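Visitor: Top line first, the protein sequences correspond to chains A and B.
Position one of the first sequence corresponds to residue 1 (this note's numbering), numbered consecutively onward.
Position one of the second sequence corresponds to residue 1001 (this note's numbering), numbered consecutively onward.
Hint data in this document are derived by calculation from the structure and do not stem from the laboratory.
What you are looking at is a predicted structure, and each value in this text was computed from that prediction instead of being measured.
Misleading hints may appear alongside valid ones.
To be verified - Chain B side only, calculated, beta carbon under 7 Å to chain A, not exhaustive:
id, residue
1, 1220
2, 1223
3, 1258
4, 1270
In this text, a Cβ means the ideal position worked out from N, Cα and C, and glycines have one as well.
What follows is each chain in one-letter form.
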Amino acid sequence: MTESIWIRPQTEYRDEQYFGVGMWSRVFAYLAIVVSAQVLRWSLYVSHGFDLGFYQQALAAWVENGFQAQSTYFPGGILQHNGAWLMTLLAYPAAVFGTGFLFVTESLAVALGYIPIIKMAKIAKLPPSQAALLGVLYLLNPLVIAGNLYDFHMSVLAAPLLLWGMVSLLESKMVPFAGFLVLLTGMGNHVSLAAILLVTLALMMKGIKPLTLVGIVLVGLWILVLQHYLRTPIMSWMFPPKGQLQVHESLRVLLYGAWSVAPFVLTLFMFLKTRRLYLSPYWLLPLIGLAIHILSASPAQTSPFDQKSTLLVPFLIWPVIDTAKHLGMSWSKREHFMMKLALIGMLGVMTLDFYHSAWRVRPQNTQVLTEALGHVSNHDWVYAQNNVLPHLGITAQEIPLSRLKPKTIPPGAEIVWDTQFSDKTTPAFVYADVKNLLHSHDVRVIFQKSGVLVLQLRSHHAQNHGA
Amino acid sequence: MSKSIRLDEPSPESGPVKIRVRWMERWHKSFHQLGIWAELTRNLAVRDVETRYKHSMLGLYWAIINPLVTAAIFGFVFGVIFHASSKPIPYVVFMLTGITFWNFFANGVMSAVGSISGNAALLAKIYFPRIVLPTASVLARFIDFMFSLLVLIVFIFIYHTPIYWSSLWIPVILVLQVFFTLGIGYLVAALNVLYRDVNQLVGLVLLVWMYFSPVMYPVTHLKPSLRSILLMNPMGSLLQMERDVIFTGHLQYPLFAWVALTWTVFVFFAGISLFRRIEPLFAEVM
Chain A
1 MTESIWIRPQ TEYRDEQYFG VGMWSRVFAY LAIVVSAQVL RWSLYVSHGF
51 DLGFYQQALA AWVENGFQAQ STYFPGGILQ HNGAWLMTLL AYPAAVFGTG
101 FLFVTESLAV ALGYIPIIKM AKIAKLPPSQ AALLGVLYLL NPLVIAGNLY
151 DFHMSVLAAP LLLWGMVSLL ESKMVPFAGF LVLLTGMGNH VSLAAILLVT
201 LALMMKGIKP LTLVGIVLVG LWILVLQHYL RTPIMSWMFP PKGQLQVHES
251 LRVLLYGAWS VAPFVLTLFM FLKTRRLYLS PYWLLPLIGL AIHILSASPA
301 QTSPFDQKST LLVPFLIWPV IDTAKHLGMS WSKREHFMMK LALIGMLGVM
351 TLDFYHSAWR VRPQNTQVLT EALGHVSNHD WVYAQNNVLP HLGITAQEIP
401 LSRLKPKTIP PGAEIVWDTQ FSDKTTPAFV YADVKNLLHS HDVRVIFQKS
451 GVLVLQLRSH HAQNHGA
Chain B
1001 MSKSIRLDEP SPESGPVKIR VRWMERWHKS FHQLGIWAEL TRNLAVRDVE
1051 TRYKHSMLGL YWAIINPLVT AAIFGFVFGV IFHASSKPIP YVVFMLTGIT
1101 FWNFFANGVM SAVGSISGNA ALLAKIYFPR IVLPTASVLA RFIDFMFSLL
1151 VLIVFIFIYH TPIYWSSLWI PVILVLQVFF TLGIGYLVAA LNVLYRDVNQ
1201 LVGLVLLVWM YFSPVMYPVT HLKPSLRSIL LMNPMGSLLQ MERDVIFTGH
1251 LQYPLFAWVA LTWTVFVFFA GISLFRRIEP LFAEVM
């Protein structure tokens, strides 16, 4: 007699379902779309580009003058300004491959953050579909895209490292955890808060263990190096100065908070349909980060499009994974569809917002600006507005127009000025100074068309002022 | 009672060394397998070219005649009737360069479309990875392209057009173009098995695509905004790069090379991904 046996189907997913070609196509889709948007914005002079200009100059200056190179953007040495020691590795390839290399490096790094998310979801035993959705939640997140769409920032490159750090934490692997923490410090002083939050996460998850202690020691050492060796003003970024809170902007701050957390809360609601309640303790970490950001006295730091906000995303992703792990439920197809729709809608709203953003008005003189740059010499110092700076390429010879001081302009320096356009960061008195220069005999007009001017200072200008 | 043994359970003596050996074996096996499929792909590509020209009177000359006639027609219409200019490069050479590189892409995609649906008998008899078929089709068109390239070189010399040493970068750009063509080829080949309209649609799409790519006109004189949009198209960017390295000695729009690179990688992976997803349905549909 044959005996029939019912074997309970075991839902075990293969690695291929998580890390197959599908995963790579999503990573490269993000890369292709974001790089195209970056290049298109760059070619239309829409990019704000102040930080991109700074990094371009920093990399070129390192190649030319070594690590003691100075910047015209901020006083002091470049490393003293931001402490991003890993940036030095980019210097030579960037000098060879140009601005596009920086765009691709940034977008590729962000896109590769998708892999540790999938890995974390797999460790939490979430099905591949949920893992993919969490990955898309990261890639399409406004805080992630805003961080790398306009500019280049080393701090954005820290997001995937944070995620890998979380993976090694989940796997209790001390050496990789310490390695990722060290690499994280290489992204500059702006990631210090994220590094502290990562170590706090380790404390919450593992308690006092060798892994946590190593993390605490490493972060402590890094803060000491920043404070005493590089003398970077780290605390002003991490904690808002007293008595200068932007309370009058409370509505914007609230909207920012809601904007940042909304997609994660939305994901959470999907799980809460079980009528079981699980409040992950890990929500605490992003909320601390968010509070510090939005209460900061620095307007740039409170902006929802500030690159430092990107680092909050890994800490927002983790509580969602933790909730899913605890409630262990699956989404229906309809819920999946709604979730994707919400994410795409979020991206659409963000795009519209970017388009209408007054801060990044598109100049009308694109063609003339291109012509004007054809008349700019590669050997002299060039002053330019923020949106034009990235077009000067990887060069040490650039100075933001906002930093122009008539008495210190080097002889032979050139000024590119689009009179029809304001980059919103160059103060009015600088424009007044340039107008005065224009009416003096110290400048020569090299190019003039449709309101775009290229001026060159005669070599005796500096001696006149010096005298 | 004896304890049940699971075959996938590691044996007590298995350690890191054993695991490493197993990994090495797997890699070795994979490379060996890849070598076999690569040989099959090459044989299929050569067979494709042979059967295409074997029984025709002009044989391989067709690979040369096609781009020549196309360039002559477009050259006459745009160069003589519409006085299109591509200074300092003679328009015929400019046009022939565009047509040669574009034709490789267009012909590659067109022959990949029917590569699965047209080989139903072969698929029913032997097992091999189905992706070999569109790959072989694209490679076959690459062989045709090499003959067209000879024609282009002859024309460059006839018109005394100066070329630069940077032309040596052409193989690198061609690698990108091959991968981009393969990606699109996988995509359309798989979709054509499910929907036979794809075959017709691809022809139309390629026609529109050609006019949106700088095959017959230079982008240098266009408005920057329009030029940027045209170069966002990966094929447009690749064609521009190919012309630039041959005739100007440097990339005029280097930033768009990154756009082409990222889209190529994405299209290639997306093509494989979609192909693998649809592959199990081939047997049911065909």
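Visitor: Evaluate each hint against the coordinates.
Guide: Each hint tested on the structure:
1. 1220: 11 Å, violated
2. 1223: Hint on residue 1223(B): holds, closest Cβ of chain A at ~6 Å, below 7 Å.
3. 1258: Holds: closest Cβ of chain A sits about 4 Å from residue 1258(B), inside 7 Å.
4. 1270: 4 Å, holds
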